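Student: What follows is each chain in one-letter form.
Protein chains: 2
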Amino acid sequence: MTSLRIAEIFGPTVQGEGALIGEPTVFVRTGGCDYRCVWCDSLHAVASEFRHTWAAMTTDDIWNDITRLSQGKPLTVSLSGGNPAIQDFAPLITLGHEHGYKFALETQGSIARPWFSQIDTLVLSPKPPSSGETVDWTAFDACLEAAQDAGTVVMKIVIFDDKDYDWARDVADAYPALPLYLQPGNPEVDPNVAVDPQALSDRLLWLVDKVMEDAWFTPRVLPQLHVMLWGNKRGV
Amino acid sequence: MTSLRIAEIFGPTVQGEGALIGEPTVFVRTGGCDYRCVWCDSLHAVASEFRHTWAAMTTDDIWNDITRLSQGKPLTVSLSGGNPAIQDFAPLITLGHEHGYKFALETQGSIARPWFSQIDTLVLSPKPPSSGETVDWTAFDACLEAAQDAGTVVMKIVIFDDKDYDWARDVADAYPALPLYLQPGNPEVDPNVAVDPQALSDRLLWLVDKVMEDAWFTPRVLPQLHVMLWGNKRGV
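Heads up: the sequence lines are chains A and B, in that order.
Using my numbering, the final residue of the first sequence is 236, and nothing's skipped along the way.
Using my numbering, the final residue of the second sequence is 236, and nothing's skipped along the way.
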C-alpha cells in the first residue's frame, strides 16, 4: 500500500475558520507543500527541516486514527497541510464515505486532482500578494474543473494588508459564483509565544470595517476561531 | 399604513452568531417579546420599561433605513428582537425581495406566521431551562409547518449549564433534520460593563469540550463573535 506523508492527525475539535466554522472535525494535516508563504502558520507541515517529523502512513493507518479519535462516529474529516493535493487521498475518501464520514479539503488551488470530485467541501484558498507567492490561475481553474462534482466549493482569502484586500476584490470579481470567506491574516504564528487577543480582535475589526465601508456584502468575514481560543497551540 | 414597533436598526455589520456568522447584515431589532428569559441580552427590545424608546415605523420607514444603511446594495437583513414574529413583516420582506435583499429571521418559535415561508434563513431558537421559560412544542411545530417553503431553517440553542446541554441533546434527537447550532450562554449582558474575554473563551471551550467528549458531531459550536469583538455595545 502506498504511504502518505502525514504531519499530524488530531481532533475531534471544532473547525476554526471558513465555511465549516464550528463544525466538529478530525484534522489530517499532510506534510509537504509546493508553496512557501512568508507568513505560513503551518511550517511544521511545509518546511523540509520538519520532514523527519512526518509519519509515513498507509490509508489504513490514517483511517484507524480517524476512527479511533472519532470513536467510530461519522464526522467531517478536514484534509489540510501543507498542500494535501500533492498526495493521493482518493482511497481514504472512498473508505470514509463508505462509513458515513465527510471530507473537507483545504488547498491553495495550485494542483488539481481527479479526487476533488469526491470532496464534500472543497476550500480553495488562493494566496494573496503578501504571501510572496504568485497564483497560477490556469492551475486554479483546473482545480475548479476537477471539483465540478464536489459537494460544495468555496473560496477563502487571507488578508494581511490593503494590497491583499484590493487583490481579493479583483479575485472575487473574477469568480462571482464562488462563495467567498475572508479572514484577517495572523502574523503571530510562533507556537511558543502567546497570541495577543486584542491584536487578533483589532485585525478582524479592521477587515470588517473595510468590507462594510466599501459596501462589499458578498463575502463572509470570519476570524480564526481556534487562534482566539487556543493561540497557536498545536493539536487542538 | 400599519406601524411596527422597532427598537433599533443598525449596520451593516457582520452577523455574530449562528448559521450566518460573518455575513454582512443590517439588523432590524423589533420591540416586544412574549418571553422574559432571565438572561435576556436584549432587554431594551423586550421589557416594557423600554417601550418609550421604540419607534413606531411604517414598512416604508424601515425600508428607507435599510437602503440608506446598505447604500442601496442588496444584503441580508436580519429581523431579530424581542420576538419579531409578534408583528407582520410580510410587506417589508416582499419589498426587500423585489430589490434583491434577503431576510433572516430569529425567533424562539413560539408564534407561527404565514410570512415565515418568505424567509431566506429562519433561525428557530427554543429557549433552554435556564431561561425560565417553557417551550410550547406545538407552537414550535407550527412554526416549522409555516416555514416549509422558507429557504433554510435551522435551530440554535444557547447553553448556560449542564441541564441546558442535556435538554439540547433531547431537542436535537426530536428534530434530527434541523441543522443545529450551539452557543455558550453569556451571563455578562450589561452594556456598561466590559466583558471578560477570557471568561468568554472559557465558556466556549467548556461547551466544545462537552460536545467532543460526547462525540456529538452533528451540531456546530460557535461563539457570539460580536460579543468577542464589541462586548455588549449596542449598534454594532
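Take these hints with a grain of salt, some might be off.
Pairs count within a copy or across copies, as identical chains cannot be separated in the list.
[Unchecked claim] The calculated BS3-like cross-link candidates involving lysine-lysine, where the alpha carbons are at most 30 Å apart (straight line), are: (1) 73 <-> 210; (2) 102 <-> 233; (3) 163 <-> 73; (4) 73 <-> 233; (5) 102 <-> 210; (6) 163 <-> 210; (7) 73 <-> 102.
No wet-lab data here; the hints were simulated from the structure.
Here the structure is a predicted model, which is why all the values come from computation and not from measurement.
Student: Are the hints correct? Go through all of them and say.
Tutor: Hint check results:
1. Taking CA atoms no more than 30 Å apart as the test, residue 73 paired with residue 210 passes between copies only; the shortest distance there is 16 Å, against 41 Å inside one copy.
2. Proximity of residue 102 to residue 233 under the C-alpha cut-off of 30 Å is restricted to the intra-copy arrangement: shortest distance 25 Å within a copy versus 39 Å between copies.
3. For a Cα distance limit of 30 Å, the shortest separation of residue 163 from residue 73 across copies, 24 Å, qualifies, whereas the shortest one inside one copy, 44 Å, does not.
4. Taking the shortest Cα distances, residue 73 and residue 233 sit within 30 Å of each other inside one copy (26 Å), while across copies they are farther apart (40 Å).
5. Taking the shortest alpha-carbon separations for residue 102 and residue 210, only the inter-copy value of 22 Å comes in at or below 30 Å, while the best intra-copy value is 35 Å.
6. Taking the closest pair of Cα atoms, residue 163 and residue 210 come within 30 Å of each other only inside a single copy of the chain (12 Å); across copies the shortest separation is 41 Å, beyond that limit.
7. In this assembly of identical chains, the alpha carbons of residue 73 and residue 102 lie at most 30 Å apart only when taken from the same copy (11 Å versus 36 Å across copies).
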